[in-house]
Every structure is written in C-alpha cells, then in structure tokens.
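Chemist: In order, the protein sequences belong to chains F, R, G and V. Take 234 as the starting number for the first sequence in the working numbering and just add one per residue. Take 234 as the starting number for the second sequence in the working numbering and just add one per residue. Take 234 as the starting number for the third sequence in the working numbering and just add one per residue. Take 234 as the starting number for the fourth sequence in the working numbering and just add one per residue.
Any given hint could be a false lead.
Which copy is meant is left open, so a pair is good if it fits within one copy or across any two.
[Unchecked claim] Under the rule of at most 27 Å between Cα atoms (straight-line distance), these lysine-lysine pairs were calculated in the DSS-like manner:
#1 LYS480 with LYS414
#2 LYS414 with LYS559
#3 LYS289 with LYS559
#4 LYS526 with LYS264
#5 LYS502 with LYS293
#6 LYS526 with LYS488
#7 LYS413 with LYS480
#8 LYS484 with LYS413
#9 LYS320 with LYS289
#10 LYS413 with LYS502
#11 LYS284 with LYS320
#12 LYS339 with LYS413
#13 LYS289 with LYS305
#14 LYS339 with LYS484
#15 LYS264 with LYS458
#16 LYS484 with LYS414
#17 LYS465 with LYS305
#18 LYS320 with LYS465
#19 LYS305 with LYS502
#20 LYS317 with LYS465
#21 LYS414 with LYS320
#22 LYS488 with LYS339
#23 LYS436 with LYS526
#24 LYS261 with LYS413
Hints in this document: simulated from the structure, not taken from any laboratory.
There are 4 protein chains.
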Amino acid sequence: MLKLKLAAFVWLAGLAIGTAYAQECSDKNWKACKGKPWVIGNSMDTPIGDKWWPNKLWGKDDQAGSTNWYTKPEVVQRALAEAKTGKVYRLGRQYTSTMPTFGDRKFVLRIPGGPTGGPFGANILMYNDEFVATEIGQVGTQFDGLAHIGIAVNGAADKNEIRYYNGVTQLEMEGSTGMKKLGIEHLHPITARGILIDVAALKGVDAMEAGYEITLADVNAALDKQGMKDFKFMPGDGVFFRTGWGKHWIKDNAKYNAGEPGIGMEVAKWLSDVVQAGVFGADTWATEVIPNKEPGCAFCIHSHMLTRHGIVNQENMDLDGLAADKAYRFLYVYSPVPIAGATGSPGAPLAIR
Amino acid sequence: MLKLKLAAFVWLAGLAIGTAYAQECSDKNWKACKGKPWVIGNSMDTPIGDKWWPNKLWGKDDQAGSTNWYTKPEVVQRALAEAKTGKVYRLGRQYTSTMPTFGDRKFVLRIPGGPTGGPFGANILMYNDEFVATEIGQVGTQFDGLAHIGIAVNGAADKNEIRYYNGVTQLEMEGSTGMKKLGIEHLHPITARGILIDVAALKGVDAMEAGYEITLADVNAALDKQGMKDFKFMPGDGVFFRTGWGKHWIKDNAKYNAGEPGIGMEVAKWLSDVVQAGVFGADTWATEVIPNKEPGCAFCIHSHMLTRHGIVNQENMDLDGLAADKAYRFLYVYSPVPIAGATGSPGAPLAIR
Amino acid sequence: MLKLKLAAFVWLAGLAIGTAYAQECSDKNWKACKGKPWVIGNSMDTPIGDKWWPNKLWGKDDQAGSTNWYTKPEVVQRALAEAKTGKVYRLGRQYTSTMPTFGDRKFVLRIPGGPTGGPFGANILMYNDEFVATEIGQVGTQFDGLAHIGIAVNGAADKNEIRYYNGVTQLEMEGSTGMKKLGIEHLHPITARGILIDVAALKGVDAMEAGYEITLADVNAALDKQGMKDFKFMPGDGVFFRTGWGKHWIKDNAKYNAGEPGIGMEVAKWLSDVVQAGVFGADTWATEVIPNKEPGCAFCIHSHMLTRHGIVNQENMDLDGLAADKAYRFLYVYSPVPIAGATGSPGAPLAIR
Amino acid sequence: MLKLKLAAFVWLAGLAIGTAYAQECSDKNWKACKGKPWVIGNSMDTPIGDKWWPNKLWGKDDQAGSTNWYTKPEVVQRALAEAKTGKVYRLGRQYTSTMPTFGDRKFVLRIPGGPTGGPFGANILMYNDEFVATEIGQVGTQFDGLAHIGIAVNGAADKNEIRYYNGVTQLEMEGSTGMKKLGIEHLHPITARGILIDVAALKGVDAMEAGYEITLADVNAALDKQGMKDFKFMPGDGVFFRTGWGKHWIKDNAKYNAGEPGIGMEVAKWLSDVVQAGVFGADTWATEVIPNKEPGCAFCIHSHMLTRHGIVNQENMDLDGLAADKAYRFLYVYSPVPIAGATGSPGAPLAIR
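So that you can see chain F by itself, here it is in the shape it has in the complex (with noise of 0.2 Å):
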C-alpha cells in the first residue's frame, strides 16, 4: 500500500512540479492554454474553456444528466432489444481490502460479534451484520456521480468559485453530511444498450500499456474487427473500453494505479458529441489515459465528460467475461447506489444479452 500510494504522489507530483514552472498553459496561467485539447470553446471563461452552463440537452437546472436518457422509452426499449439468450455477466469486481484504491482512499470491512445479534426466540435465530468504513462511491467498481469532479474556474487560490455540472458551485451543493446538489439520488438508473470496444484484442495484447491514448482509428479497427464496422450508435448508449489493463488487478496495486491506458480527448470529444453517450467505462482506474500527452491535463476527461457534459463514468469494471465470449452489444443495467448526498456509487453492473 505504502508503495502504491508513493507512486501516484510521485505522477500527482509530477504533474504540479511540470505545471509550476511551465511558463505558459499552467495552473498558475490557464488562459494560456487556450487551444489544448481539454479546452472547449474559444473565451477561456475557465480553464477548460466557455462556460458549460446552462447545460444544452438538459436544462439549467437539471442534476441528472446523461442519465435523463433512460427515461425515454425508446433508448430503453433499443436496449432491452440487446437481451435474447438469457446470458448475464457481472461486470463489477469483488470488494476487498485488499483492492487497489486511489490516493488515502480505504477500504475497512468488519463482522460486528461472532454472530452480530440473537438469540431471539424459539427457533433461536442469531443474525450477522457487516459494518464498513469508506469512500462506499470510489473505491473497488466505482460509478461517478455529478458531484464527483468540479473546476476551480478562477484557480485553485479561490474556493468561491469551484464549479461542477451545470454550473453549481461548491459552496452551492456542498454539505459535511451529503452533497445538498448533484448527489448520486438524482441520477436514474441506467439501462442502455451497452457495447463493448476491445481495443485489447485488437492490439493483440493481453494489457495495453500505461500511458497508450485510444484513438478514433482504433475504436472504429476494433469494431471493424468485432463485425460491427456499419454499427450505428445513438443517444444514450453505454460504451465499454476494454483495455486488458485489470489484469494488474491486486496482483500488482503498484502498477494498476500508477497510470493506465486509456481514451484522450478525441475519443471524449465523439463520445459527447457524436454518440451522446449515456454512460462510459472501461476496465482501468479512471477511463481515460494516465499519464496525459499534455502534461496539464490532469484527469481532463473527467473535467469534459462530467463537469462540462454530465457524462456518468464507470471505472474498474471485469470486462473479461463479455470479452471471452466476443459479446460486443447487450442489455447494460446499473442502478446507482442512491445514497442522498453521494458522488458516487459502489455496485456490479450488469450486462445481459
């Protein structure tokens, strides 16, 4: 743990250290980055460009965002049209303490007495509970919510103006007890039509490498090579990166979480714009690639996806099952954890086809 933990400080570290001395496009000199790829838009209101409030699809006081999709009917219906043989897979790891976590996060588990409760009664019944301490929403196969990721739009010097989706601020949601906007109970439960990208087996490799950004190329290779070359996505679907990368999984916590291979921004970009999509994923910490190409995009596809577009993201998923089977389309169901006040949410997705 101690190693694993030194490792991300050091690339955490790394990013401020590089970003500190850059004399343009820095923390300390956002408007200089204007142009970089996690810039939308061309005023430069905040470091990742135009305002994104009101939001466009959703309404300026939405807290649900992409997950207004699965109240329409039709995408549920599209989805549901994916399940015919019966089949389902979990695509959600085991939680343990001994799972790889990001940061301080933990993970603590522990059965209250030897049995928790009882005797009670004539049949006498004793009963066990389990008692857990943790970041329930991010740790082990984890789900962010809205309020999960926000920008600091005047810098990190002002804790005023941080801002998450649909333009809320800190001080707005914020609540030492749960999030009083944007918790994970605003969201609806996910049923979409799911598609797995195997850009593991399109490489030929059983993990991707740290650091190796998915491309558009690829993504349209790897669904060529799936069959699904005139495959047309639509609003609402839930699209699954499948790196090979959970191969690392507690068997060297070290290396899972000391970078990943992941999507950039042109694939972030097409997944906004083109897909629309509902939900994203991949079998990695964070979705996206660790580290960057531009050193000062420290997670900027979580800013674009959720902070600007209110794009839900599912991370650490088990997509070996749908992989064995070469099941690239199916019936994707999760219904987020609704812990009022929660950015995030615990629990195994399913897919069923």
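Position chains R, G and V relative to chain F; hints supplied.
Modeler: Here is chains R, G and V on its own, set in the frame of chain F:
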C-alpha cells in the same frame, strides 16, 4: 431514535420474557416446539426441525442458494419477456441518516474536505468523495444474503453449533474482517420475472396494520383482483408483497420499526415449496409479519426462507410506483454489491416493463 | 435523538432567522456590531474586531496556544504542589452510543468478531479489538483544539478568508485527511493548577438553568464561599465551572443539548486578560451560556477564547466528585491524544489532590 | 502495508504450522505443555496452567485488575514524590495513517467538510470536526485492557470456553456493540511511580534486535548502570523497558511489525510476583520478545500478565526523551479513555519529574 430503539427493545424483550417463562416451546425447551409452524419435519434435530443440509436443490457445497436460478437461461428469458414498454421503476429508497434502522445499526456519511482533493493540472480539477460508516447491507433498502441468518441448533449457550444455510457452522464461516463462507459475493445477479402482490390495494387501505399476517387466501384474492387469476408461478420468480407500510418510513420511525404486516409460515411454505421463488420481498423491514401470532417465533420466516431454503430476501422496498401503474408483472433486476464476506447488500432493485 | 436534534436545529435556526431580519449587527452586516461584547477593539477588521494575529503571547508561528504555559517548569511545579493526599478524580464521562452529541455527530463502536482474532500458539490465545467510527475529539468529554473554531472574516460567502488562531486561513490549514496546521498534535500536555468554581453550590441548586450567564460577581462569591477569597490566580491556571448541568446527561439528552448555563464575555475576558488561563472548562457541552442574551452571538466565547486567544476548552466534564469532596484546588492533568491533524481530543482529565 | 502485513502473516503462520506438526506441546495437544515457561502450576486446567480465577489480589468480581493499586493513597503519594523539576515528557507517538499496525487494523481519519459546519451568528463562526474509523485502542501508542486477551481453555474449537481475566467467559463478556464485562471503563486512572529500564543503553546500541529476550540479569545490570542498584520496587510501580525498537517506527514498518526485542517469562514473573507491577510497557508493539524462543508461545507474556494477573500493558511508547535526559524515575500518569465496552485505549501517557 431513542424512542424507536426503545420500542424495538420492548418488542424483542417481550419475546425473550415471553419465552423465558413458558413451560413449553421456548428457547430453553425447543424440543417441545414440535408441530409449531416453523418446525419443519418430525425429528427435531434443531429448533427449526429436521436437518436442512445438504440442500436438496443445489447440493452440499452450494453457497449461492436461490440465486442459482439465474444461471439458467430459460429463467432469465422468462424474465426478459416481461419488459416491453421501456419504463423503469426504482424499487429502492434513498439512504439517509434519518431512515429507520434495526437495533443499533447506524448510517453515517461524511464528505471529506471541501473539496476532498485537488487541485490537479492546468484544468485545475477538484474532486469529492464520500466516506460512510455503516452496516452497509443491513440498512435502508437491504438485501439478506446467506450469512445473515443462522440457528443455534443446540440452544443459545452453545456457540459451537450455530448453523447457517447448507449447514455451514459459525466456526467455519466467521471472520472479523469478512465471512469465510456464504458471503454475498457468492450470489449470482438476479434477473427474475417479478410479480407484485398488492395486498394493501386488496384490503383497500393506505397501509395495513402491524401484526397482520398475509394469508394464501389474500394472495389468491389479490392475484384475482389484479387480473392474474390463472397466473402460473414458475421456479425462480421474484414475489413481492405491498403492504403500504412504507408510508411510515422516516415520517414515524418508531412505528415503522415496532412491527409490520407481512407473510407468515403459510405463505412462506408456498414460496419455498410451491413457487420455488428466487427472491421475495416487501415494503417492510423484514417481509414477515411482526409480531407473529406464535409468540415463540422470532423472525421464523427468515429461518425458513434463508437458513433452511437459501431463498434471498429484499427488504424496505419502494413498491408504490408499480402499484400506482398497476404494474404487476415485470423484469426484476438486482445485482448484489459483491462485497467479499458481507452478509447483505445495499442498492435499489429495478423493475422494467 | 430525533427530538434532541430538532431541538438543536430550532435553536440554531433561531439564531439564523434572528440575524437575517436584523437591520444591524447581523452576519450580513457585521460591521454594525461594533461595541458588542464579542467585538474586541475598534477597527472592526473582522466580525470579532481587531485582527488577532500574530498572537501577542506566543508569536506569529505558534500552534500550541495556551498549552505553552506547561513548558514552563514553574507553572508545572505550582500545579504539582496541589497534589498531596493521593486521591485521584476522573473528570470525564464514559463514551457510549447513548450520550448526547451536537448536531450530526455520531459515536459508533463495534467489536469485530467474537473474538476478533486467534487462536495463536499452544497457549491458544484469542484477542479482541474495538472499532469506532466517530467524531472522536468532539463527542463525550471533549477537548477543543485550535483548528476547531474559526471566523469567516469577510462574511460567510467568502471561504477564502476563514481565519483561525494566529490568523491561519482555512486554505492553509485544511486537508481532507487531517489539518495541515493547528492540529491537536501541536499542543503540549496540560499539567495545570486546577481551580473548581462551584456555581451550582453557590446558587444552592442541583442544576442551574439554561441561558443563565455566570457573572464575575458569581465567580467571586463562589470563591468566597469556598474559602478562597484571597486566592490569587496565576497564568496557566485551569479554571473549571460547575453548573450541575451534567444531571441531564443521557437522562434527558434533548434538554441537555438545547441550551446550557455558562460563562459570558465578562468572565471570558477575565480568563483571557486577567487570569491568563491555560485551560477552561465546565460540566456542559460548550462551557459558555446558551442561548446568549446577545442574539447575534453564536458561541462567541468560543471565538474569543480559542480563535482570538488560543485558550483551549474542556467540555462535558464530570465535576461532581470534586464538588462532593469540596476539592476546589488540585493538580489537573490532561494529555490530548496526539492524533495528527485532529481538531479535538477525547479522554478523561484527572484531578489529583 | 501489503509487505508488512505479509511479514506478520508469515510469522503467525509459522507459529501455526510449527505447532500443527508438533507431536507434543501444540495447540492440539496442550496438556503436553506442562513445564513450559508459560504454564503456571501443575494441574494444567488450561493451556496456561492452573485456573487463574478468582484473582487472588483483587477478588472474584473484580474488573479493574492492577489499576486497583491506584485507589490506594500511599501508592499515588509514592508516585507524586517523584515529580519535582516540573518537566513533562509525552510518552506517546502521534497517530497517523502511516503508522505500523498489527494484522488488519486500520487508522482512517477524515475531516468532514471544509469547514465542517457554520456559519453561526454575527460573529460568523465556522467549525471543524474530525471523523475517525479505527481500532481505536489497538493502534499507535496503545493500551491493553482486560477484555483484550483470553485463552481458549478447551482448545480453539470450543468457543464456549474462552476465558479472560478473573475467569470471565467469552459468552458472558461479548457484545457486538461493546463488551459487557471487563471494558476499559472499569479501570482506574493510573498514577504510578514510573521506572525506566534502558536496556538499549545497557547494550550500547541504538536498537536491540528482534527476538532478543531481556533477562532479569539485563534488568539488574541496567539498574546498576542507572545508579539504581539498591532501588526497591514496590507494588503498583510502572515498569517500562526501552529497546530502541521505536527507531523503525514508520521508517520501516515491515521490520517494525515482523518481530521485536522484549521481555520473556522470566521478567514477566518478576513483574507479576516480585514487583507486583501496576502497569508495564515498552517502545515496541507487544512489550514481549517476538519471536519467543519457545515456538509454542504466541504472546504468552500477554497471557501471563493480562489474562492470569490482570496487569495492564502500554505499547508503542516513545521513551527516547526520558532516555536522553537519563530520567529513570518519574511520576507516570495515564488516564485510559473510558470508552464503554472497549478492549484498549488510545492516548499518550505522561512522565513528570
């Protein structure tokens, strides 16, 4: 909270006192309970009757119980066939610190920092997590796995002979950091044909009374009223009972916790022996009638369903949306959060029509 | 719990509403508060008056505040001189899940397993631990450190200018896994000459009423009654006020939390300016009178003592044993638990005579 | 963390394997252990020898063990007589997430919000709390109470006969929300005459080696070197051993946890039978030598001192300040945090000279 806890204590203490003074059929003299509804069989090997292990349906080493049904394609296909309109219902409630909890269970959520982390990069990203400390699988909309309920088969004084599903003993199973056997991670995701039995509607009430036992006659009358007179239940079906008890949720936690309407042994045996249900549940905290008219029975439907039969139980559901739409048949999807060694799981099940 | 929390909310809400409608001296118009008891000085740089940093006694980089007195041998020797008879008093209460807590704070304790671990060796050793999840330094007999209380010096909307002891800002100090400055680990252990001022005995009551402000005249009359008319207070002394409020502890938590008798600004200024106390405390949850007769003051004694002067505060003490023995002078020993980055500390202080 | 945990597991597994294959004196055949150092007496009623209950010093219902000494004024006065110069030493370490912990124990601290609460009043007060989730009494500078260590007197397979201090059984004591007997709240505050035995200084090393057993000859030689040749120990004394092992704290947690120098049964019997110590401790995580040269002994000094004699144990102390000042005699003060039902306590003991 104090008041409601006291209410629950009084009720449990009542059971204890009631049985302590009983000359026959008490926890001290359970062999005299022969013939009681919760005593299955004739040999009285245990307080719930004949030995229940090895499990007849799933074999001696099985740890998945009734969720094994969902590995059968025909069961899943039967479920999928119910989903046509594309309307999705969330059958779970929000998790809040104000919700009623059983006994000493707590739900505590804290947002670390404001924000939790950052700034990162020239995009000046900030992030938030949520930290929870709670009996995660046994609060709110909760799901009972197979390590949750056991029976002290030699009486409460003998900790060496507490038995769970498939005869697993406390000693084989227990672990202070997670159960070594029967953990929730062994269960298969649930994709059932779901049937709502709206008993509250049958009775023409907002909410039924605590202590009312739903009979098989009630079930048949409700089905009849719902236009399902000839409905043929099949193995693996999910059967859910609406009592209206959820009306008291948060609004009157003391009342909510002090008892509930629910099924008794008559309906439980129908579920286990006739339907061969894959999952059952209700809009109450235990699904079964409390208090039971049999004073010696403390959660004896739990003993019967979970310990003897391995049939999983979904509690504290929100069934009002289905009832409002008279949506009595649906695709039911629930993916237990695979927390290694846990006894239960959080999360909102879905109904899709 | 619900009721007492509501009571506390009503009281806090009352403050908020009271100030919101006020034309003068409110949180919206704090410059109009000049002359109010909690406004020290004339320049109104902040809602509590003149700038309080750098600290005049301990210098600009100090993080130990009034506990610096206990690095002075003569202060410790003066304290030691009070211990003669060898009788020890525990001045703290037991920590239980039933104790009253402020706001949303919780105290949760679970014993993992039964036992937690073992067996080990041919001696067949078994062991037990305890797992707690709690606001550890701010529940039960609690101790306020210097990161606990700050002032929004530009008003509540400006998170960038919240100032603590010695002018430390929120931004300099905060960290989601522990405070970067002013953490409890910077304090020195307290070995003070302790003085009990038994105001309840002076008034001839079991317990004083909530809202009663202890005056300097009360203090002097109590000292007189205690045979300490000519007692000369010295810098570093620990001064403790007994009100009898502890009578409601656990027995009536709603009442306990809804208010309390305690000191106001008159006695607070005497403690800070005349006595130069090293620590102060009481058998109440805040040591200060609540509600304060000044509607604009919310814990303004906290602001004065902790934020402006860095004088630490011991709350929820059990002073009944000392009172029963008329033990008014003693060696007071308290070693804050050095939890890195914490704002407070648990633990029972001792009086030794 | 992973590495150190593995190290600890290897060591514990070694014990288990070592004993599993032994023909004599193992956990499977403990009656053959007669004559082993940890087996006291001849009747072998239990794996540690003769029955140890009722306790000879403190009687059959006692729950305070060796802390009863501190209710005797002459013991406290003897302690107070050591404090003259007014210098105070903190004998505990800071609690951090980086400190070494035994087995699966965790220390997690989060600051809720930024700040946690406020604004209140026209003084615009803000406040911060800290939320911890941890084995509070068994991490960092930790203190073992009487519910911590028990013996499976009929062997590990019989959970009904695990016995603790004064013969209390697991069944009598255990509770999932706190121990019903022997909880830390039953202990009296400790105000002992403290004696430091600086064995590291005697040996002329920074840190002694893991596995080195401190002998009575070492103790006497150290006392001689410290100018205490004729020092007469008295009942209730606190005896503390400095090994220098603290040098590895945080710097090399794997090494720190993998073993330690410490006392064996020879010195343990001297403490319990000759000195009649009130408390003992060291700058190590268990005070006793690990691994013990007797392979069947797993923490058998813990069994002897805590279970048989009820003598409390202070671990992970910081004794370097005392050693640097050659401060070998002092007033030792430690007030266990009275957490109802806890097995241990956090907090930094103090030495005052």
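Chemist: For every hint, state whether the structure bears it out.
Modeler: Here is how each hint holds up against the structure:
no., hint, result
1, LYS480 with LYS414, "between (37 Å within a copy, 25 Å between copies)"
2, LYS414 with LYS559, "neither (40 Å within a copy, 32 Å between copies)"
3, LYS289 with LYS559, "neither (36 Å within a copy, 35 Å between copies)"
4, LYS526 with LYS264, "within (20 Å within a copy, 51 Å between copies)"
5, LYS502 with LYS293, "within (22 Å within a copy, 51 Å between copies)"
6, LYS526 with LYS488, "within (18 Å within a copy, 39 Å between copies)"
7, LYS413 with LYS480, "between (38 Å within a copy, 24 Å between copies)"
8, LYS484 with LYS413, "between (38 Å within a copy, 21 Å between copies)"
9, LYS320 with LYS289, "between (38 Å within a copy, 25 Å between copies)"
10, LYS413 with LYS502, "neither (29 Å within a copy, 39 Å between copies)"
11, LYS284 with LYS320, "neither (44 Å within a copy, 34 Å between copies)"
12, LYS339 with LYS413, "both (24 Å within a copy, 20 Å between copies)"
13, LYS289 with LYS305, "within (17 Å within a copy, 44 Å between copies)"
14, LYS339 with LYS484, "both (18 Å within a copy, 21 Å between copies)"
15, LYS264 with LYS458, "neither (42 Å within a copy, 67 Å between copies)"
16, LYS484 with LYS414, "between (38 Å within a copy, 23 Å between copies)"
17, LYS465 with LYS305, "within (19 Å within a copy, 31 Å between copies)"
18, LYS320 with LYS465, "both (24 Å within a copy, 23 Å between copies)"
19, LYS305 with LYS502, "within (23 Å within a copy, 40 Å between copies)"
20, LYS317 with LYS465, "both (20 Å within a copy, 22 Å between copies)"
21, LYS414 with LYS320, "between (38 Å within a copy, 26 Å between copies)"
22, LYS488 with LYS339, "both (18 Å within a copy, 23 Å between copies)"
23, LYS436 with LYS526, "within (20 Å within a copy, 56 Å between copies)"
24, LYS261 with LYS413, "between (30 Å within a copy, 22 Å between copies)"
When the structure is compared with the earlier hints, violations turn up for hints 2, 3, 10, 11 and 15 and for no others.
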